[in-house]
Amino acid sequence: MTKSFLRSAVTALAIMAAAPAVYADDLIIGLRAGPDSIDPHWSTLGSQAEALRHIYDTVVDVDDKLQLKPGLAVSWEPIDDTTWEFKLREGVKFHDGSDFTAEDVKFSIERIPEVTGPMPMTLYTKYVDSVEVVDDYTLRVHTKGMAPALPNDFTRLFVVSDGTSMEARNEEFNSGEAAIGTGPYKFVSWEPKGDLVLERFDDYWGEEPAWEKVIRREIPDDAARVAALRSGDVDMINYVPASDYLAFQNDDSLETFISDSIYILNIAPSVKDEEPQPITVNGEPVDGNPLQDLRVRKALDLAINRDVLVNVVLEGLGNPANQLMPEGFFGYSEELGPREYDIEQAKALLAEAGYPDGFEIDFTCTNNRVPGDAVVCEALAQMWARLGLKVNAQALNGTVFFPAAAREEYTMTMSAWGTLTGEAAYTYGALTHTKDAEKGFGNFNRTGYSNPEFDKVFDEGTQTLDAEARKKLYEEASYIAMEDRALIPTVILQTVWAADKDTVEITPRVDQETRAYEIKPAK
Amino acid sequence: MLGFLVQRLLQAVVVIFAMSIIVFLGVYAIGNPIDVMIDPGATQAIRQKLIEQYGLDQPLWQQYLTFLTNVVHGDLGTSMVYNVSVIKLVFSRLPATVELVFVAVMIATLIGIPAGIYAGYRPNSIPAKAIMALSVLGFSVPTFWIGMLLVMAFAVNLGWLPSGGRGDVGSLFSLQTSLVTLDGWRHVIMPAFNLSLFMMGLLIRLTRAGMVEAMQTDYVKFARAQGLPDRQIVFRHVLRNISIPIVTVFGLELGSTLAFAVVTESVFNWPGVGKLIIDSILQLDRPVMVTYLILVVILFVLINLVVDVIYAQLDPRVRLKGGK
Numbered sequence: 001m002t003k004s005f006l007r008s009a010v011t012a013l014a015i016m017a018a019a020p021a022v023y024a025d026d027l028i029i030g031l032r033a034g035p036d037s038i039d040p041h042w043s044t045l046g047s048q049a050e051a052l053r054h055i056y057d058t059v060v061d062v063d064d065k066l067q068l069k070p071g072l073a074v075s076w077e078p079i080d081d082t083t084w085e086f087k088l089r090e091g092v093k094f095h096d097g098s099d100f101t102a103e104d105v106k107f108s109i110e111r112i113p114e115v116t117g118p119m120p121m122t123l124y125t126k127y128v129d130s131v132e133v134v135d136d137y138t139l140r141v142h143t144k145g146m147a148p149a150l151p152n153d154f155t156r157l158f159v160v161s162d163g164t165s166m167e168a169r170n171e172e173f174n175s176g177e178a179a180i181g182t183g184p185y186k187f188v189s190w191e192p193k194g195d196l197v198l199e200r201f202d203d204y205w206g207e208e209p210a211w212e213k214v215i216r217r218e219i220p221d222d223a224a225r226v227a228a229l230r231s232g233d234v235d236m237i238n239y240v241p242a243s244d245y246l247a248f249q250n251d252d253s254l255e256t257f258i259s260d261s262i263y264i265l266n267i268a269p270s271v272k273d274e275e276p277q278p279i280t281v282n283g284e285p286v287d288g289n290p291l292q293d294l295r296v297r298k299a300l301d302l303a304i305n306r307d308v309l310v311n312v313v314l315e316g317l318g319n320p321a322n323q324l325m326p327e328g329f330f331g332y333s334e335e336l337g338p339r340e341y342d343i344e345q346a347k348a349l350l351a352e353a354g355y356p357d358g359f360e361i362d363f364t365c366t367n368n369r370v371p372g373d374a375v376v377c378e379a380l381a382q383m384w385a386r387l388g389l390k391v392n393a394q395a396l397n398g399t400v401f402f403p404a405a406a407r408e409e410y411t412m413t414m415s416a417w418g419t420l421t422g423e424a425a426y427t428y429g430a431l432t433h434t435k436d437a438e439k440g441f442g443n444f445n446r447t448g449y450s451n452p453e454f455d456k457v458f459d460e461g462t463q464t465l466d467a468e469a470r471k472k473l474y475e476e477a478s479y480i481a482m483e484d485r486a487l488i489p490t491v492i493l494q495t496v497w498a499a500d501k502d503t504v505e506i507t508p509r510v511d512q513e514t515r516a517y518e519i520k521p522a523k
Numbered sequence: 001m002l003g004f005l006v007q008r009l010l011q012a013v014v015v016i017f018a019m020s021i022i023v024f025l026g027v028y029a030i031g032n033p034i035d036v037m038i039d040p041g042a043t044q045a046i047r048q049k050l051i052e053q054y055g056l057d058q059p060l061w062q063q064y065l066t067f068l069t070n071v072v073h074g075d076l077g078t079s080m081v082y083n084v085s086v087i088k089l090v091f092s093r094l095p096a097t098v099e100l101v102f103v104a105v106m107i108a109t110l111i112g113i114p115a116g117i118y119a120g121y122r123p124n125s126i127p128a129k130a131i132m133a134l135s136v137l138g139f140s141v142p143t144f145w146i147g148m149l150l151v152m153a154f155a156v157n158l159g160w161l162p163s164g165g166r167g168d169v170g171s172l173f174s175l176q177t178s179l180v181t182l183d184g185w186r187h188v189i190m191p192a193f194n195l196s197l198f199m200m201g202l203l204i205r206l207t208r209a210g211m212v213e214a215m216q217t218d219y220v221k222f223a224r225a226q227g228l229p230d231r232q233i234v235f236r237h238v239l240r241n242i243s244i245p246i247v248t249v250f251g252l253e254l255g256s257t258l259a260f261a262v263v264t265e266s267v268f269n270w271p272g273v274g275k276l277i278i279d280s281i282l283q284l285d286r287p288v289m290v291t292y293l294i295l296v297v298i299l300f301v302l303i304n305l306v307v308d309v310i311y312a313q314l315d316p317r318v319r320l321k322g323g324k
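Residue numbers (the UniProt record's numbering), protein chains in the order written: chain C, 1 to 523; chain P, 1 to 324.
The reader is advised that the hints may include incorrect statements.
[To be verified] List time: in silico DSS-like cross-link candidates among lysine-lysine, alpha-carbon distance up to 30 Å: (1) C:Lys439 x P:Lys49; (2) C:Lys93 x C:Lys65; (3) C:Lys298 x C:Lys213; (4) P:Lys49 x C:Lys456; (5) C:Lys471 x C:Lys65; (6) P:Lys49 x C:Lys144.
The hints are simulated quantities; they were obtained by calculation from the structure and are not laboratory data.
Bear in mind that the values here come from a model prediction, so they are computed numbers and not experimental data.
Pulled out of the complex, with its shape left as it was, chain P reads as follows:
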């Protein structure tokens, strides 16, 4: 187990290295951030001075080396646009995004899996067909469009929920979150639902497929012959057997839900890290871009790690060391 963890962490470091080089090369290829930011009235002398001040006149490898040296000293840099520590800046926005993704994943799981079980258990019933039709909509209609429809319906026409923003923020164990205030929940529920749709659709279809298949296997037939009630068969045996693909997709989708959050965040004006990163890309604020991408890489590695561990718990045949 320990060896596995070390191996994973080493992989992460390699990926982070590669990411930072790619970002550096990308920004370098586009050009000088000063040219994007500088005020039209600036003179050539002012421009030149700035380029030197930010070290942008040095060759790429030297800029990269300077960056690496700073990282080793625990300094990920200062945002060129905001002039505050990048780590602080990103972490001041991250809780909002994490909280949104958390609620979205909860909604997707709590609605998606039961709905999928039902649809698989009674595949020919009318509600099951309705669930399937809706699940197709969930991942084939663009998020931003559904988001706008939701805003039009619930904020503009009905006036039940606010159209955007995060609302009152309370604190829970020193964490700033809007999930402890009523106003916060009013704000989070609509964007989180919007964000959850894609994952929900996927979970429904996956669970249903697994259910349909499992219900026809021999072990279910034997269990039935034994006189076990259906409830027990489904929840104790079938669900356990179909959960491996669900966990895999859950893990993968957690990552892409986080990535998709960018779209939902702009439609609902959610003050998360997604909006920050888009702006940083538009202004070529390199320190913020690099830091954000590094964080995302770490997050993906962690998610996959957790998924693998849960695998092993669900199916003893999967061995963390040799089995893979």
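Pulled out of the complex, with its shape left as it was, chain C reads as follows:
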């Protein structure tokens, strides 16, 4: 009795100590965030889209630089001012074996308003007036007014089969019953905050993915994610923290992959007639709002040493930014040079504006939204201190920051913004256009910035279908807003992936997505 117990105990220990079996055709990824639901029409969250892309295809796809490429649609073109025609891919199968047709796209567009949640997908169908099925593989979308950015919006339009329920029953999707798409992977299992398990779909229309089985494991804690990679529990991870990035450089068994992200930390100075939090000199509120003066905004800009921000504060994981989008995006202005750092000129401008001894100002930022937001915030406060300002920097949790920012309670803020669609209308339309509920512009314009010249050029852009002409107009709009210092961009953040050197080869994406079907085994 005792002997047999001992023997089984020893056996048990031996098995416990044995490393779990590793299969070459499986890929286990440790990710900071996962989906909230398996219903692709529930939420616009980036981590949601990234995960569900494996199961469902979008009508239009984007490459690793966020430029458009064919997805379920092979081509698209405007046939008049308010109609886009999409030619769809033939021979595409759903996971249940049924054929993909234009009806499925029409159904998906119409399903979105019925089922979307607090992060509304209607955002991507807001220009759609009606959808017309011409034949099985031709679809016409009639838009409300002119909608040049429709194909960009459709990069997030996930297609489900037209047999799917019109109701938002996330439980059906989460259990896998309704989780049927045309994507490269089939759904196996998922639970909130847990593993998303996927299996290769053999009838996929595109290139066959390298991995038979993929497990996307959600590990929000940075240290835990790094430990999981180091202990071999996962093959690769995303969002490597800056401190570990340096350590990984010296580790022969690991490989790091680095890419510019679309996220830029922008300073937003309120230019309203009365600033929400008073700006003071010797404790006395000043007359008017100093930030309304372009010279003051320029002085703030000139006092920022972006090289220090990148190399010291962010430990090298960033790049100086000179506008609200990374280079190469549709509407990126080539005219704007790199931002200068010149503290003397900044001081002179401040004196010229009537504040030779500076002033005291509140400066509020997020501290948990993107890597480095809190440290950049504090560094900026110190840089402005050299200019002679007294800056009360406060880094807050996003949960507190965003509602208060929406109520426009802050005089000057800094937060990250990413140009998710890869083009200027998304960013400049929301951030620097005059607030206009009717046109749907300026929703995130919380500074009160309004420049009729900018609005005119930008509006013309939104009413121009010709891509080249539109690009020119957006470039001009970008230039105007940036010269005005409507917002002051500081740094572009970079994203780091790390992987086991012998297992995985990654092509980093600027949208920070980790797509298992684009990841190759190491040679």
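Guided by the hints, dock chain P onto chain C, whose structure is given.
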């Protein structure tokens, strides 16, 4: 006894009421959950529609009344983030946390009390001093830090145990638990040990103090004079007499171990309810916050109830009705 139970349950209801109001007020003071969740590309019209859809445009008291009415009808709401029933969501995560806490408490008790007895029985021996030194570490060094050290040692460097996660889950009497599979135990042992340290340290010190004191009392001296073996004195008499403070602390600590589980869960990526609640707070997912807090209140009330009952069993002088 029955009156006592009814009184306790009534108390619980009052506390739950107060909790729900506090959570409602808190979220209301921070602001609109829509502003935290909404996508940057959304227009003013979309935002407005959402606020109305979720009833966030109504005054606070009305939102609260709607919530209460739903609760009376047995509906604790739907998560704003996951769009699934909150009860289902929380209960899908709760077993993992309960199982972790259960193993942790077991470890703390099975190691802590014997170690404490030994340290109290031979207070001047070297092992006793070592035990005391370690017990100080147990509750003075932060949990997350020890957790990371454990991961570095056993998962990264030695590769004996997995760095996180819950492993294979089997079922036991229709309960989903990883305690019935070997892989599950490999996963649970390290986080549970980490979580148990604080409670273990406390139990060691408490047991030792009680032991040292009890060993010098007259009844021990008489027992010794009678020629009873030490083993019998310690386990039959002394232990019984020092167990009341231990049970009290055990009960209290059970609650805070559950609360501390949040930290351990994130270090070891344990898929328990702690991670869920942190995320819900960050996204202001109000239904989940309220439900979780209500559950915690119920749990605390239950734990205290059990502690009181055990009291009465241990010491007949404590009377449940009048004695308190």
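Going through the hints against the structure:
1. C:Lys439 x P:Lys49: Satisfied, since the Cα-Cα distance of roughly 16 Å is no more than 30 Å.
2. C:Lys93 x C:Lys65: holds, 28 Å
3. C:Lys298 x C:Lys213: violated, 53 Å
4. P:Lys49 x C:Lys456: holds, 28 Å
5. C:Lys471 x C:Lys65: Given that 30 Å is the threshold and the Cα spacing comes to 17 Å, the pair holds.
6. P:Lys49 x C:Lys144: holds, 19 Å
Of the numbered hints given earlier, the model fails hint 3 alone.
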